[in-house]
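The listed protein sequences correspond, in order, to chains A and B. First residue of the first sequence: 956, per my numbering; consecutive thereafter. First residue of the second sequence: 3, per my numbering; consecutive thereafter.
Honestly, the hints are just simulated from the structure, not real lab data. Hints are supplied without guarantee of correctness; some may be wrong.
Claimed, not checked - With a straight-line Cα cutoff of 27 Å, these simulated DSS-like cross-link-like pairs (lysine-lysine) come out: (1) A/1084 <-> B/61; (2) A/1085 <-> B/108; (3) A/1107 <-> A/1038; (4) B/108 <-> A/1098; (5) B/108 <-> A/1084; (6) A/1084 <-> B/118; (7) A/1085 <-> B/61; (8) A/1085 <-> B/118; (9) B/60 <-> A/1084; (10) B/60 <-> A/1077.
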Amino acid sequence: MWQLLNSDMEFLVESDFIYLPLLLDPEIEKEVQALFRPGKPMENSGHPESKTIIAHQDRQFVKALNIHSVLENYETINAYDYKRQRKEFLRKYQLTREVDGILLDDTLKTILFQVMPYFVRKNRGLQRKKLRDEEILDLVGEKIDIPGKYYKEAKTFRDVEPLKAILKGLENQKPIFKSPGNGLLSAHQLRDWFHEAVHAKILASEHDRLTKALQIRLQFSQAKPEHAATLLYIADTGSMEMDGFGFTRKNAYKGEYFVYKRIGEYVLKDYSARSYLFPDCRVALSTYTPFRPFVMEKYKHPFLLRHKSGQEICMKHFAPPHEFTAENAIRILEEGLTALRYGYDARRRNGYHSLERTWVYIPTIDFEDYRI
Amino acid sequence: MTDVESKKDLQIDEAEKLLPLVLEIIPGHAAEGLIDIYEPGSYAAKSLRKLCNRTLSKKNLTLEEQLIAEDVARQLEGGKLLCRGQEIEGTALEFAVSEQTEAGEKYLYVPIRAIKPQEGGACPDYD
């Protein structure tokens, strides 16, 4: 069909149907004459208003496609073009990268405004003050170098008028596209009409998304441009680190994150009070179950079974919570950090491995390279 | 130097012993804690534990300080106070480091962490 629209043919549009010019050869001529014979019904039984063959300006056209059906199934018929047009539309209104959805994400808000403040230094000097969300964004802006492009995007993002206009049109229940009307149309005209109609269809299908986008952008229209830029940066990159606290979006699970706190270098002592310097690592938890602390990097420790990445920390009397909340996240990270840093008892040699080599245990993980 | 290694004998010279002391009791692995300031001469003869007890029994806290104090209390349910990885025994001067404010005023600083133990050693597969 798309090849026909790219030709220089003429089509007839009648009662929402596209009619193609009828080829003329003797066999077809006979069939047409039979159809036009008196007493023979010409109407399509399923659609009495539209005829199978129409004579127009001494030419005959045969019924081919229903316009609504083509539009309805356009996403399947021409997936490539539909995607291209949708992308173009989303880019025009800064709706790419699903930024609005992420900004409305409660998990990200919890991490940013409730978990992070516990682990980062918020106040200068000796005062202790709880920061409002805006002040936390100021702090992030001070400590993180936000690339200039996000400030530019923030400007477009905060301009709510184009979205308001689109939504107003949609909510006034105007038809999403005008019918091309009956009569002859060139392939070029029909193609242009299809383009407009598909665009209108995309617009309508994105209505919910536009409503959400407008809702969040109205909030941002009152906010400082720097805050909008900071949030756009976080939503786009999905990760951030500040004062050793950070989070990173999971690729496999939409809207889920790894939240972590760096432990920094620390020293553990063995039975003979010899010191072992352990390197920094990120103690993390996932916002998606199981809510247990683990080490992100390839790491070894008496409380880790092997020397590899993503290992759960061996914990005692630890009941993992059933939901992700700020309070639970802080507790899990703290227990993991405390276990690694303060949990090992040189006298009891608790955990999977002991720091020093012993005759009793089968040597598995060796810590000699950490000795100082 | 790491927290565990850096402790007593932190190179405080005689002149610095006359500086005010800032004691901060931090709950768990938080970034900020409960602050208390001691005038020069008011802390030298007292043990660090005594100073901590005084700080923890402070009244008229701000709302934010109350929240921190609650976090500290939660950690101390079965937990202990640690300074640079060591239990607090001795005087504040033994653990203090010299710092200065943005305005350039010098003071001695002692960070104390209230840590609830997590011994580890019992993973789900090994319980």
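Consistency of the hints with the structure:
{"no.": "1", "hint": "A/1084 <-> B/61", "in the structure": "17 Å, holds"}
{"no.": "2", "hint": "A/1085 <-> B/108", "in the structure": "26 Å, holds"}
{"no.": "3", "hint": "A/1107 <-> A/1038", "in the structure": "26 Å, holds"}
{"no.": "4", "hint": "B/108 <-> A/1098", "in the structure": "25 Å, holds"}
{"no.": "5", "hint": "B/108 <-> A/1084", "in the structure": "23 Å, holds"}
{"no.": "6", "hint": "A/1084 <-> B/118", "in the structure": "24 Å, holds"}
{"no.": "7", "hint": "A/1085 <-> B/61", "in the structure": "19 Å, holds"}
{"no.": "8", "hint": "A/1085 <-> B/118", "in the structure": "24 Å, holds"}
{"no.": "9", "hint": "B/60 <-> A/1084", "in the structure": "17 Å, holds"}
{"no.": "10", "hint": "B/60 <-> A/1077", "in the structure": "22 Å, holds"}
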